[in-house]
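J.: All chains, full assembly: derive it from the sequences and hints.
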Amino acid sequence: TPRSDDGQDDTFWNNAVRGRLEDISIGLQSTLTQTVLRLGDVLSLQPGDVIPVSLPDQVMVEAAGTAVFAARIGTSRNRNAVEIMSTLNNQMPAILNRENH
286 TPRSDDGQDD TFWNNAVRGR LEDISIGLQS TLTQTVLRLG DVLSLQPGDV
336 IPVSLPDQVM VEAAGTAVFA ARIGTSRNRN AVEIMSTLNN QMPAILNREN
386 H
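First residue of the sequence shown? That's 286 in my numbering, and the numbers climb one at a time after it.
Simulated from the structure, these hints should not be mistaken for laboratory data.
Note that beta-carbon positions come from the ideal geometry of N, C-alpha and C, so glycine has one too.
Please note: incorrect hints may appear among the correct ones.
Claimed, not checked - Across the chosen pairs, the derived CB separations fall in these ranges:
1. Asn365 to Arg305: 52 to 62 Å
2. Arg364 to Gln343: 17 to 27 Å
3. Thr360 to Phe297: 36 to 46 Å
4. Asn365 to Phe297: 37 to 47 Å
5. Gly333 to Ala355: 48 to 58 Å
6. Asn299 to Ile336: 44 to 54 Å
7. Val327 to Asn300: 44 to 54 Å
T.: Structure representation (structure tokens):
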């Protein structure tokens with residue numbers, strides 16, 4: 286079993302740190318769609334105008350500006366939701382490092 290410089294079992298410390306990290310709140314964000322309009326069209330937009338958009342099959346869910354999940358848009362309990370379809374491997378360590386600095 287690995288031990289730290291003072292002889293303590295590193296597994297104990299790793300578990301203690303992980304337990305603390307799991308309680309940290311982190312914001313998630315997903316952009317449903319993006320579109321491009323001419324500046325003249327944007328300047329002439331009025332309340333009630335409609336901008337047609339297409340929804341993608343999947344969206345990326347980001348944490349701290351880094352994509353961490355691929356998800357599908359849907360509903361859950363009559364609320365808009367995203368369903369996680371896959372995890373983008375190896376992104377969480379980078380996010381944890383960024384959030385703690």
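J.: Take the hints in turn and mark each one as holding or not.
T.: Going down the list of hints, with the structure as the test:
| no. | hint | verdict |
| --- | --- | --- |
| 1 | Asn365 to Arg305: 52 to 62 Å | violated, 32 Å |
| 2 | Arg364 to Gln343: 17 to 27 Å | holds, 19 Å |
| 3 | Thr360 to Phe297: 36 to 46 Å | holds, 43 Å |
| 4 | Asn365 to Phe297: 37 to 47 Å | holds, 42 Å |
| 5 | Gly333 to Ala355: 48 to 58 Å | violated, 34 Å |
| 6 | Asn299 to Ile336: 44 to 54 Å | holds, 49 Å |
| 7 | Val327 to Asn300: 44 to 54 Å | holds, 52 Å |
Of the hints listed earlier, those the structure fails to meet are numbers 1, 5, in rising order.
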